[in-house]
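Colleague: For reference, the chains in residue letters:
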Amino acid sequence: MNEDKFPGHKFLPYILITPSIAVIIIFLIGPFIQSVYTSFFVSTTFGTNTIFVGLRNYIRLFSSPDYLNSAVVTFKFAAFVIIVGLSIALAIAQLLNQKIRGVGFYQVALIWTYAISPTIAGVIWASMFAPSTGLIPYIISKISGGYTLNWMTNGQLALFIVAAAATWKMLGYNIIFFLAGLQNVPGELLEAAQIDGASPWKAFWRITFPMLSPTTSFLLFVNMLYAFFQVFGLIDIMTHGGPGNATEILVYKLYRDGFIHLNTGSASAQSFIIFFVISVVAIIQLRIVTRKSIYSR
Amino acid sequence: MNSRKSFLIVLVLTLCLLLAAGTALAKPVTITFWHAMSGSRLGVVESIIEGFNATHPEFEVKPLFTGSYAETLTKYVAAYPSKTGPNIVQSYEVGTQTMIDSGAITPVYKIPEMLGETWDWAQYVIPITNYYSVDGNLWSMPFNSSTAMLYYNKDLFEKAGLDPNKPPTTWKEMEECGEKFLASGVVDHVYSTGWPDWIFEQALAIHDHLYADNDNGRSGLATKVVFNDDFGHMIFDTWTRLHDKGIYIFGGAEYSANTAFNSGQIAMLIQSTSSLAGIIKAAEFKVGTSFYPRFEGYPVGNSIIGGGSLWVTKGQSEEELRAVWEFLKYLGQEDIAIQWHKGTGYFPVSGAALKTLLDEGWFSEDQAYLTAFLQILSGKRDTAASTGVRLGPFVAMREDLVSGLEKALAGQLSPKDALNEAAEKMNLKLKDYLELHGK
Amino acid sequence: MTRKTRQEIFIHAILILLVIVLAFPVFFALVTSTLSLQESYQYPPKLIPGNQFMNNLKDAWERINMGRLFFNSTLISVVVAIVKTILALLAAFAYTHFKFRGQGLLFSMCMITQMLPLPVRIIPTYQLMASFNWINSYYALMVPFFASTTGLLLFRQFYMTVPADLPDAARVDGAGPMRYFWQILIPISKTNIAALFVIEFIFMWSQYLWPLIVTTTREMRVIQIGIKMLLASEQIAPEWNIIMAATVIAMLPPLIVLLVLRKSFVEGIAMQTTK
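Protein chains in written order, with my numbering: chain V, 1 to 297; chain E, 298 to 736; chain B, 737 to 1011.
Treat each hint with caution, since some may be false.
[To be verified] Calculated cross-link-like contacts (lysine-lysine; reagent style DSBU-like; alpha-carbon spacing at most 35 Å):
1. V:Lys-76 / E:Lys-713
2. E:Lys-359 / B:Lys-964
3. E:Lys-583 / B:Lys-782
4. V:Lys-142 / B:Lys-782
5. B:Lys-926 / V:Lys-10
6. V:Lys-76 / B:Lys-782
7. B:Lys-999 / V:Lys-202
8. E:Lys-639 / B:Lys-964
9. E:Lys-451 / V:Lys-142
10. E:Lys-728 / V:Lys-76
11. E:Lys-542 / V:Lys-76
12. V:Lys-10 / B:Lys-835
13. V:Lys-142 / E:Lys-578
14. B:Lys-926 / E:Lys-578
15. E:Lys-704 / V:Lys-142
16. B:Lys-926 / E:Lys-359
17. E:Lys-639 / B:Lys-794
18. B:Lys-782 / V:Lys-99
19. E:Lys-578 / B:Lys-782
20. E:Lys-583 / B:Lys-999
21. V:Lys-142 / E:Lys-583
22. V:Lys-142 / B:Lys-964
23. B:Lys-782 / B:Lys-964
24. E:Lys-722 / V:Lys-76
25. E:Lys-451 / B:Lys-782
26. V:Lys-99 / B:Lys-740
27. E:Lys-626 / E:Lys-639
28. B:Lys-835 / E:Lys-726
29. E:Lys-722 / B:Lys-964
30. E:Lys-713 / V:Lys-142
31. E:Lys-380 / B:Lys-964
32. E:Lys-456 / B:Lys-782
33. E:Lys-578 / B:Lys-794
Simulated from the structure, these hints should not be mistaken for lab results.
Whole structure, please, built from the sequences with the hints as guidance.
Modeller: If you want it as structure tokens, here you go:
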């Protein structure tokens, strides 16, 4: 329904949305525009001098090996979280969707990781993987006959560990949404496929998966936002972007440049680049969703 | 009766007047002080301030722990436009040039003049005040100063068959000693360091070698780094070679190497002198200290000062400035400086304090405390290279150096290429700083 | 045993295994939080709980002023969740039950916020806080979070499915829009409100970057930063037993909220995915 249900109350809708709009303009859109503006300048720490430099901040970033490293690290990290996370979650959701007893229990027992904050996930995984005293290095050294698993000297390992921790935390959320999406797939379709002699595997890919695409693309977007932004606490607590800059994802580099090096011009440019990437993905996701919902009619 | 009445009236009026005057006098002038002294140092800072407030009832200093050095500076910068910042702020030594160029502070040397007083700056330890001076004038009040030295585990030395009273003094000896340690099997790795970027700066300064041009940024803003010559390459080569032999293990960006040393996993540690108190407490072995290792046959300079200092915000009322000045003078007092040193391990800023500490036998209890003093007092103090480096974008530049060292150690680049790459990145940052601050 | 039963047992076995694997890290944290410092450094690591939990907790509590941090986190999570919900309800009501000029534009503006997560505008927002003199205040921690796209979308979608005769009937009965809102719309929105509360509470409780830069004093920090403070020791190795004691307690509120409201949460999500 989207009609004027209470004609005669011309101002009420404006009043109703004013608080939201006010917050959005003052705290979101305003600062964002300011950030874009700042990205075209360089300035001293205390603002005593500001120089317009056009696109120089952007050009510097794209030609900086450190920034490109950040981009690659972020891409690898996000890819892991999304691909591994969604695959496992979908598999688990599929299992949960079978007609078995105790679904309610399993639901709770598998979604609770959603309530764990990324920071806490980071702390716990950091302790499990602590180089000289952690549980996992101990197990590995026993199995491999003495190999020390030390993420502090192995950048790829560090990246793997933070990605695993991040994925673990997000599993609950992904499972819940996939389960809801699966439950929307009409049972008759699957039964019909079974009667036609299609294997469950084929039925899954031909029927279930396409019908899941709104859910999948939604989760893709949410997991991407998660991997880009919300894992900041996890990175800060586990590795500080290290060793070297092996785990310095884009948002972490932004923080360091903006708040430790006090380089507001570059940080603002980095902000805008991230915004641009997110927007592109969001638009793609929107396209997929609207297209699929046309198909499902 | 009339006279009694008038007497009462006068009495009451006088009492009222006295009360009013009393309350006006009793209200102390409050000033705020933002600092980054965490952990056990926080307690010492607060007890010193309590002492000041108690002995100076007309003033009140309100300390606020505002996080790490970086966080403190960020908050200070953010508060500046709205003038809601503190009267005094602590900045790390790498922020010195930024603070000088900020336009937000009053240089400390001007304050006595502004208040109609005179002050003898020579009473403070010269190498320390040199760091924070421009053209011989002190801009910020030294507060927590340290330098770097060599710590070693006397018990492990004995275990490896080495003389615990003869630690290595040159890098050649470090290498030989390291090889003996590895051969003995007592440890897997022999030494590590904290703050690798600072340790690199020390290696240059100890040999009177400049880090950047324009006298290390002291006679004018630096335009480029000058350490990537044969000498600098030698440093990187040596460290990489020691790393490849397993003697040197990279200790992370700040203090993480201390844990390995305290738990006996490594035999030696090159670290800030301010770690001394903490190490002695945590270690279950005899701790020895010695001078920072040298390269034989090269000139003598001095080790450089690290830590932080106190800066005074511009635009304060005369009352507040007076309170600030009394507080700064108080911190420089001999007894307070000694209290600070004993509680934290930082250098006392008062020159007379050293003599008192010697006289009262502080060092005979544990000679380890003396090493730091002997090191900075026995070196040069009149050359730019031995006074310390002052650069605008120092924080970011240090990261470039650490990143370069990591690449060399990981074998990603040859030590020479790694140092050159770091120098290139650092020069770009200097160029940008000049663009904004240049004349 | 029928094939179906065997299949079911197989599925159960896998699921139970998954539950255990998933829960293992937290189990490990729980065990560590009960050990003494020496025990926590034992090699091989212990997997049997000790009895030091209360000591460790007391230690952590004092070191980071945990009571206050807990209060801060709870306050901002509850207040923001509530305010966000109210604002979203009002806005969703406006967009679905009325037609007004600029509706489309204003709605798009709300949707854009999805693409403006904090880091994208962090520096100017921080400077804004500084200019309002809100640094180290509850305002800075809460107000920038008052607008929510999730909520708006959730409620809007739900309201679009409300049959048209519902508000019609209310109007005929002489009820004004706000009366309809409070007495009819809100009661039927309960599931969605609960679901949104869970989402927003967990979101606020997990905040890290923003509190990190906007608060610096011991009194104003949140529990997530408190845990970082416990870790950030310069010269001693992390005392995992104490850190884990704090972590275990810090985990509880969002878990409790999720568990208590899980039915509504699951239902609310299911509702959203029904297109």
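Colleague: Decide, hint by hint, whether the structure agrees.
Modeller: Results for each hint:
no., hint, result
1, V:Lys-76 / E:Lys-713, "holds (30 Å)"
2, E:Lys-359 / B:Lys-964, "holds (26 Å)"
3, E:Lys-583 / B:Lys-782, "holds (31 Å)"
4, V:Lys-142 / B:Lys-782, "holds (15 Å)"
5, B:Lys-926 / V:Lys-10, "holds (28 Å)"
6, V:Lys-76 / B:Lys-782, "holds (34 Å)"
7, B:Lys-999 / V:Lys-202, "holds (33 Å)"
8, E:Lys-639 / B:Lys-964, "holds (29 Å)"
9, E:Lys-451 / V:Lys-142, "holds (32 Å)"
10, E:Lys-728 / V:Lys-76, "holds (33 Å)"
11, E:Lys-542 / V:Lys-76, "holds (33 Å)"
12, V:Lys-10 / B:Lys-835, "holds (9 Å)"
13, V:Lys-142 / E:Lys-578, "holds (34 Å)"
14, B:Lys-926 / E:Lys-578, "violated (59 Å)"
15, E:Lys-704 / V:Lys-142, "holds (30 Å)"
16, B:Lys-926 / E:Lys-359, "violated (49 Å)"
17, E:Lys-639 / B:Lys-794, "holds (29 Å)"
18, B:Lys-782 / V:Lys-99, "violated (39 Å)"
19, E:Lys-578 / B:Lys-782, "holds (27 Å)"
20, E:Lys-583 / B:Lys-999, "violated (62 Å)"
21, V:Lys-142 / E:Lys-583, "holds (33 Å)"
22, V:Lys-142 / B:Lys-964, "holds (31 Å)"
23, B:Lys-782 / B:Lys-964, "holds (24 Å)"
24, E:Lys-722 / V:Lys-76, "holds (26 Å)"
25, E:Lys-451 / B:Lys-782, "holds (32 Å)"
26, V:Lys-99 / B:Lys-740, "holds (10 Å)"
27, E:Lys-626 / E:Lys-639, "holds (19 Å)"
28, B:Lys-835 / E:Lys-726, "violated (55 Å)"
29, E:Lys-722 / B:Lys-964, "holds (31 Å)"
30, E:Lys-713 / V:Lys-142, "violated (39 Å)"
31, E:Lys-380 / B:Lys-964, "holds (30 Å)"
32, E:Lys-456 / B:Lys-782, "holds (31 Å)"
33, E:Lys-578 / B:Lys-794, "holds (23 Å)"
Violated hints, in rising order: 14, 16, 18, 20, 28, 30; the structure is consistent with all others.
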